[in-house]
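**Q** As given, the protein sequences belong to chains A and B, one line each in that order.
Read in full-length UniProt numbering, the first sequence has 63 at position 63, and its numbers run on one by one without any break.
Read in full-length UniProt numbering, the second sequence has 251 at position 251, and its numbers run on one by one without any break.
Incorrect hints may appear among the rest.
Unchecked claim - Calculated from the model, a selection of chain B residues having no Cβ within reach of chain A, i.e. all distances over 12 Å:
no. : residue
1   : 4
2   : 109
3   : 204
4   : 238
Unchecked claim - Taking beta-carbon pairs under 8 Å as the criterion, some of the chain A residues facing chain B (in silico):
no. : residue
5   : 55
6   : 57
7   : 129
8   : 130
9   : 134
10  : 137
Bear in mind the hints are in silico, worked out from the structure with no lab data behind them.
Think of the CB as a built atom: it goes at the ideal place given N, C-alpha and C, for glycine as much as any other residue.
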Amino acid sequence: MRITVTVDGTTFTDDVEPRQLLVHYLRERLGKVGTVVGCDTSNCGACTVHLDGHSVKSCSVLAVQADGSEVTTIEGLARDGRLHPVQQAFHDNHALQCGFCTPGMIMQSIDLLADNPDPDEQAVREGLEGNLCRCTGYQNIVRAVRAAASTMSGGAGPEAEQVAPASNVAGGGDR
Amino acid sequence: MIPAAFDYVAPSSVDEVVRELAAAGDEAKVIAGGQSLLPVLRMRLAAPAKLVDLGRIPELRGVRDDGDAIVIGAMTTHYEVQRDPLVREHASLIALATDTVADPQVRHRGTFGGSLAHADPAGDLLAPALALDAELVLSGVDGRRTVPAGEFFTDIFTTSMRQDEILCEVRVPKRTGWNAHYEKFNRVAQAWSIVAVAAAVRTEDGTIAEARVGLTNMAATPLRATAVEQALVGQPATTEAITAAAQHAAEGTSPSVDGNADLEFRQHLARVLTSRAVSAAVGA
């Protein structure tokens, strides 16, 4: 089946098998390997992306169901060489250990903040209940989301999303 | 994990869907939000030859006012149901139960109708639909028919829908001004109810005038705790009176038993959660 999907601002038209999962389309066809497959059973949330503005587990959506839609992955967040404020907050607060859950955590955190710009700790934990961190590094993840909320409190518009220097963009050699 | 190959159609009308289903026979499976079906396909617990997707039919989505009832389109997502002002005002029990379904990502995709049609005994929307006397509107090649919730759920993962039928919308009688609560017991890492209780109560001057109590996962189908409902009527809306009435909650139940909880514990949960649900609903 032929589908047309806009992913991270670029429109792609591809022939896909109906059984292809959105996460496999993103990773294997488009090379968007920032979105990872964790549990493969819909539990862990590592594969979370935004589909038409709402977070979904991309292992539980068929690529054909995304036809005509807009998808944002973790790779589409940084703008003009600057991290998204939630990415920056994860960096600043050391909100990752092994880092495997991080793409999904960040995508879900952005969704949470869009619905609730000032979540308390309980609201953050409930908002991230579909994302599992096997390192159990939840303390700093919650801290990062709360920090991002205060950074973005002036409004979550495009300007607020550009706060970090270019050198901190993912892959920038922090290790 | 990759599903077995299947053909896929996404019709733009209910008529087309019904024709597809009638032509395909047992080979076809309907996909709504897909949040239960896709994991099943990935694990190859099912391998239908054809998927018929309801996601491209706008008329199946949304909530409307229909006089003495609200009508919830089958493809309305959990996220939309949670926030819908009509649902919150006239069927708050459904909104509260929906809040507990899975997680935010799943609620963005999963649908009210899909959840009912899937008929998982641990599903959280079945007991509220039953307790509120919801009516399910089905479409098939022979036209439309309406089935009361009490006749819709027939067994585990089984409904009275025929192979060529789909669930189009759900009519929920308005219970404006009723107090409601959904009390759920589950493992934190998974949102499936081990047992949950749906309660909607109308009080008059501190006395319980009407009560509707539905049980999740206490049988192959959702159940009404009718003995509790009868015991509550006329009682003061106090913790003591509610706890006494809730002792009837396990009567007539036949829960399946697994590693999470044995029979005795599930019956205990039914009583405790019923007491909590009704108490929380009336603020006792």
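**Q** Would you mind marking each hint as holding or not holding in the structure?
**A** Verification of the supplied hints:
Against the 12 Å criterion, residue 4 (chain B) falls within the reach of chain A, whose nearest CB is about 7 Å from its own CB. Its beta-carbon lying about 5 Å from the closest one in chain A, residue 109 (chain B) breaks the requirement of being farther than 12 Å from that chain. Chain A leaves residue 204 (chain B) outside its interface by the beta-carbon criterion, the shortest separation being 35 Å against a cut-off of 12 Å. Distance to chain A confirms residue 238 (chain B) as a non-interface residue, since its nearest Cβ pair spans about 29 Å, more than 12 Å.
Satisfaction of the interface hint for residue 55 (chain A) is found here, the shortest Cβ-Cβ separation to chain B being roughly 5 Å, below the 8 Å cut-off. The restraint placing residue 57 (chain A) at the interface with chain B holds, with a minimum CB-CB distance near 5 Å, inside the 8 Å limit. For residue 129 (chain A), the interface hint holds, since its Cβ comes within 8 Å of a Cβ in chain B; the closest pair sits about 5 Å apart. A hinted interface residue such as residue 130 (chain A) counts as satisfied when its beta carbon comes closer than 8 Å to some beta carbon of chain B; here the least separation is about 3 Å, so the hint holds.
Because the closest C-beta pair between residue 134 (chain A) and chain B is about 11 Å apart, greater than 8 Å, the hint is violated. For residue 137 (chain A), the shortest C-beta to C-beta distance to chain B is roughly 16 Å, which exceeds 8 Å, and the interface hint is violated.
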